[in-house]
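Heads up: the sequence lines are chains H and S, in that order.
The working numbering puts the first residue of the first sequence at 1, with every later residue one more than the last.
The working numbering puts the first residue of the second sequence at 1, with every later residue one more than the last.
Keep in mind that the hints are not guaranteed to be accurate.
You can't tell identical chains apart in this list, so a pair holds if it fits in one copy or across any two.
[Unchecked claim] Listed below are the simulated DMTMM-like cross-link pairs for lysine to aspartate or glutamate, each with C-alpha atoms no more than 20 Å apart in a straight line:
#1 Lys3 with Asp223
#2 Lys518 with Asp150
#3 Lys159 with Glu492
#4 Lys301 with Asp181
#5 Lys518 with Asp417
In short, the hints are calculated from the structure, not lab data.
For reference, the chains in residue letters:
There are 2 protein chains.
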Amino acid sequence: MAKAKNILFIMFDQLRWDYLSCYGHPHLHTPNIDRLAAKGVRFNRAYIQSPICGSSRMSTYTGRYVHSHGASWNGIPLKVGEITMGDHLRKAGMDCWLVGKTHMRADAEGMARLGLEPDSLIGARVAECGFDVYERDDGMLPEGPDGFYDPDGAKEYNKFLKAKGYESDNPWHDFANSGLDADGNVLSGWFLKNSPEAANIAEEDSETPYLTGRGIEFMETHDGPWCCHLSFIKPHWPYIVPEPYASMYGPEHVLPVVRSDAERQNAHPVLKAFMDTKIGQTFSRQDVREAVIPAYMGLIKQADDQMGRLLDWMERTGRMENTMIVVTSDHGDFLGDHWMGEKTFFHDASTRVPLIIYDPSPEADATRGTVCDALVESIDLAPTFVDAAGGEVATHILEGHSLLPILYGEADALPRDVVICEYDYSASPIANVLDVSVRDAVMFMAASKKWKLIHCEGGYRPILFDLENDPDELNDLGDSAEHAGVIAEMYEYLFAWTRRASQRTTRSEQQLIDMRTKSRGRGVVLGVYDENDAPLDLTIKYRNRKARPFQSYLKD
Amino acid sequence: MAKAKNILFIMFDQLRWDYLSCYGHPHLHTPNIDRLAAKGVRFNRAYIQSPICGSSRMSTYTGRYVHSHGASWNGIPLKVGEITMGDHLRKAGMDCWLVGKTHMRADAEGMARLGLEPDSLIGARVAECGFDVYERDDGMLPEGPDGFYDPDGAKEYNKFLKAKGYESDNPWHDFANSGLDADGNVLSGWFLKNSPEAANIAEEDSETPYLTGRGIEFMETHDGPWCCHLSFIKPHWPYIVPEPYASMYGPEHVLPVVRSDAERQNAHPVLKAFMDTKIGQTFSRQDVREAVIPAYMGLIKQADDQMGRLLDWMERTGRMENTMIVVTSDHGDFLGDHWMGEKTFFHDASTRVPLIIYDPSPEADATRGTVCDALVESIDLAPTFVDAAGGEVATHILEGHSLLPILYGEADALPRDVVICEYDYSASPIANVLDVSVRDAVMFMAASKKWKLIHCEGGYRPILFDLENDPDELNDLGDSAEHAGVIAEMYEYLFAWTRRASQRTTRSEQQLIDMRTKSRGRGVVLGVYDENDAPLDLTIKYRNRKARPFQSYLKD
Chain H
1 MAKAKNILFI MFDQLRWDYL SCYGHPHLHT PNIDRLAAKG VRFNRAYIQS
51 PICGSSRMST YTGRYVHSHG ASWNGIPLKV GEITMGDHLR KAGMDCWLVG
101 KTHMRADAEG MARLGLEPDS LIGARVAECG FDVYERDDGM LPEGPDGFYD
151 PDGAKEYNKF LKAKGYESDN PWHDFANSGL DADGNVLSGW FLKNSPEAAN
201 IAEEDSETPY LTGRGIEFME THDGPWCCHL SFIKPHWPYI VPEPYASMYG
251 PEHVLPVVRS DAERQNAHPV LKAFMDTKIG QTFSRQDVRE AVIPAYMGLI
301 KQADDQMGRL LDWMERTGRM ENTMIVVTSD HGDFLGDHWM GEKTFFHDAS
351 TRVPLIIYDP SPEADATRGT VCDALVESID LAPTFVDAAG GEVATHILEG
401 HSLLPILYGE ADALPRDVVI CEYDYSASPI ANVLDVSVRD AVMFMAASKK
451 WKLIHCEGGY RPILFDLEND PDELNDLGDS AEHAGVIAEM YEYLFAWTRR
501 ASQRTTRSEQ QLIDMRTKSR GRGVVLGVYD ENDAPLDLTI KYRNRKARPF
551 QSYLKD
Chain S
1 MAKAKNILFI MFDQLRWDYL SCYGHPHLHT PNIDRLAAKG VRFNRAYIQS
51 PICGSSRMST YTGRYVHSHG ASWNGIPLKV GEITMGDHLR KAGMDCWLVG
101 KTHMRADAEG MARLGLEPDS LIGARVAECG FDVYERDDGM LPEGPDGFYD
151 PDGAKEYNKF LKAKGYESDN PWHDFANSGL DADGNVLSGW FLKNSPEAAN
201 IAEEDSETPY LTGRGIEFME THDGPWCCHL SFIKPHWPYI VPEPYASMYG
251 PEHVLPVVRS DAERQNAHPV LKAFMDTKIG QTFSRQDVRE AVIPAYMGLI
301 KQADDQMGRL LDWMERTGRM ENTMIVVTSD HGDFLGDHWM GEKTFFHDAS
351 TRVPLIIYDP SPEADATRGT VCDALVESID LAPTFVDAAG GEVATHILEG
401 HSLLPILYGE ADALPRDVVI CEYDYSASPI ANVLDVSVRD AVMFMAASKK
451 WKLIHCEGGY RPILFDLEND PDELNDLGDS AEHAGVIAEM YEYLFAWTRR
501 ASQRTTRSEQ QLIDMRTKSR GRGVVLGVYD ENDAPLDLTI KYRNRKARPF
551 QSYLKD
């Protein structure tokens with residue numbers, strides 16, 4: 001085996017950490033992802049930086065916390081000037097390509113301010129979060145009375161479906177994400193009661209196989225070295241899947257809901273507002289869970305089968321030998337746990353993700369098939385890729401840590417005591433419900449292996465979970481006097497993190513160290529009374545100079 | 001009087017807050033700056049954001065804290081993408097010009113990454129911190145064995161001197177900043193024993209009159225609306241001044257040094273390292289103070305006379321009636337107080353600056369000649385100027401507050417409890433002395449009107465001064481058990497400040513509020529089980545759609 005030449009960076013969307021058999025799901029068998037885990041390292045405590053697609057991804061793609069890059073919610077553009085995984089990799093001699101979803105919103109105003117044309121090479125990369133685009137597919141093409149959520153959503157995919165013969169102005173909706181009743185009525189996947197229906201599409205034409213095929217096509221036509229971000233839409237909603245996956249799971253495969261009445265009754269006011277949303281209320285219904293979760297599981301099973309197709313092809317074509325393969329997700333899904341649906345809060349159901357890394361290089365042989373318990377963050381991926389590409393990790397920009405030492409068996413932990421996750425709900429209706437300002441509608445999570453602290457701006461008490469004794473996170477200890485010391489300690493971690501110099505990105509640590517001595521020789525002489533008090537070499541330019549009284553020089 | 005059409009934004013460099021007669025200096029009479037104060041508002045508690053030229057200025061020019069923009073020391077470039085005073089003002093219809101010093105270091109790597117050419121209009125503005133350059137004069141042209149500190153330093157000024165007849169490869173050094181002995185030896189102003197000498201230059205050719213003249217020339221040739229940053233080099237070192245100012249002050253005008261033996265003996269380890277530098281040791285000598293301070297006072301007196309020249313000309317030409325005039329400094333100078341020289345620590349001698357604002361508009365009549373005790377920061381200037389220009393202050397980018405409500409007599413305070421100042425010594429030799437890492441060589445100050453807390457990274461105890469009972473800041477209470485509560489309270493302010501969303505700059509507060517309701521109508525339907533549970537208008541696109549079983553569509 002040679003050192004990885006290429007990196008296949010696979011991301012699923014809204015894939016909950018414990019919905020894979022290698023992570024312990026009792027009913028959902030995912031032998032293909034499991035087989036990758038058997039060849040690589042499975043990270044058991046991988047956290048994302050924000051429980052929402054766009055912000056989580058911007059952190060992954062920049063290697064920086066949300067608090068550092070500022071794109072803190074879907075639809076808040078990543079500001080021009082932020083340096084991306086693609087920028088770092090290209091500097092290290094590796095291309096960086098996109099096949100699928102990023103949820104990137106370009107900073108059009110910032111680009112205009114700097115005169116960056118979206119159709120120039122540089123402008124396109126800035127607009128696409130540093131990627132060269134093989135196919136951008138943010139997946140969804142929802143449409144409401146005010147128009148499309150994203151007019152370019154599912155653009156290429158819809159073209160593909162139309163070319164295949166699916167007749168509709170929006171086959172993404174009508175076929176890939178809807179069922180059909182006997183009278184020819186489209187049963188929209190947006191409505192959860194339709195989740196048990198089979199999507200009215202040939203399985204091989206649905207989104208996950210489509211993007212898998214696009215990924216294979218990319219690899220067939222690009223030699224490398226490249227990092228290819230193969231970024232799937234699913235198992236993200238709409239929750240609906242074609243046969244045979246639609247019939248594969250039923251209510252009997254739905255795990256018991258993780259929640260308690262006390263949890264709801266005593267909920268912290270901010271958490272309560274999230275529980276009280278329509279989403280929370282709907283997903284708290286067992287009939288909804290029994291409709292949705294089997295479809296969600298079917299989508300994951302399909303994803304695993306496509307992983308099998310992909311891995312088989314890579315094995316067959318020799319690509320396993322020179323390609324690092326990474327599988328992860330951008331966040332999880334509450335699925336009714338803790339009286340919530342969707343993501344957008346900080347329980348492990350939402351903030352913890354699967355992360356499997358297969359490295360073909362011989363250095364990684366020592367760790368194949370192992371499980372790593374280190375606290376890992378999604379911002380660790382960018383530095384890992386730069387490291388794998390043979391580049392120097394720009395530690396003054398990238399806030400994560402390379403995982404190569406772990407993959408090589410040289411380390412079993414990273415230099416961090418807590419993981420950080422953030423959520424900004426300032427643009428969410430919940431901020432109106434709670435009547436909090438744009439500045440206060442912000443939350444931070446700091447979690448060690450033992451404790452998870454959640455801080456909500458706006459004067460609220462903290463939330464605290466004991467992850468060792470209460471792994472289900474049912475018992476909020478945020479107002480426990482007994483835990484005041486722990487809370488103070490976790491706040492210290494958060495405080496230290498907030499003080500970090502996250503914006504000092506234009507000078508490397510080594511450059512700063514070099515400046516400590518190098519700036520002396522450029523003639524700035526401070527604190528010297530007499531030239532004889534200072535080294536001759538440093539002040540030589542100011543010695544033995546001659547002049548005449550100024551009056552003699554002046555011209556008339 | 002009309003509303004201000006133009007803004008003349010005057011900055012002196014290293015002008016200590018209490019070295020003007022209107023701020024109470026007993027020997028240094030500055031009637032011209034005082035007369036501006038009599039026409040405007042004199043701010044008595046104005047603080048800068050970092051006690052060093054470059055970082056302080058980057059905060060002033062961006063309206064953002066150092067922790068937000070990242071240019072935390074001289075020579076650390078302001079990263080490409082940061083939005084400047086000039087960007088905000090041009091959006092409000094006002095040009096923004098530079099005459100003098102900025103200490104801007106362009107982010108050449110960032111500009112290259114984005115393809116910004118330094119000679120394009122946009123590139124030049126990015127490289128010059130948002131200003132259009134009438135004259136860039138960072139003042140100094142020091143030269144050492146490793147070359148020039150800034151090869152472009154004093155470029156235009158040296159041309160001017162050469163054209164005037166001053167014969168030298170570096171007349172900035174040999175004439176403007178050096179004396180001359182009877183044998184024709186140049187007595188370099190870099191050596192403090194030469195500070196009492198008269199600079200060997202005609203007074204009208206020295207730096208302050210030169211830049212004043214350039215400012216007048218700018219105004220003569222530019223109608224406006226403009227903001228003109230007339231940014232003087234002096235009274236910054238080299239400390240030397242031509243006659244008549246060289247003979248104007250003597251040791252009898254040097255104020256008693258502000259320090260105590262106990263302060264030195266019990267100094268906090270980081271503070272002690274600053275005291276122990278060569279600069280600190282040299283400025284602790286009374287002979288050095290008696291050599292330097294009279295020259296420093298002469299430079300200020302000259303500056304005041306030039307302010308008189310400028311104000312007289314503006315009065316004569318009617319410009320006082322449509323020009324807001326601001327006078328401030330980028331930081332102070334310890335001048336031996338607290339066993340230190342230079343700036344680079346947090347006592348008021350360094351972090352507090354004069355700030356006088358004259359607004360010609362009738363709305364400001366109510367406050368003419370008043371003194372304002374509000375906690376003001378230099379980041380307040382950019383929003384003040386935008387406000388004066390009639391623009392909308394981008395509160396999601398600019399972290400300061402407009403001072404117009406104070407100038408108009410509508411407010412006597414700003415919405416802040418503490419001022420923040422930062423210092424990054426990671427690139428200073430002091431970091432080697434203390435053996436602290438690049439990440440830990442960082443300090444924060446949080447000061448209310450009563451307390452000043454200084455936090456040093458790296459595990460040190462805090463420093464605390466009681467500004468009410470110990471205005472000279474001689475008694476560090478950082479390890480006083482009695483003050484643990486106050487220290488905790490000041491840390492709370494600092495913590496809240498570090499958590500601010502400083503990078504969420506691509507969406508305004510109003511846009512975020514609008515998103516709370518507007519995003520609903522674009523077809524993303526979450527938490528809806530049955531279409532009948534959801535408003536018809538929001539889900540109408542998904543209803544009554546028809547299709548056939550997918551098998552019937554597929555082409556062969």
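Violated constraints from the hint list, given by number and in increasing order: 3, 4 and 5
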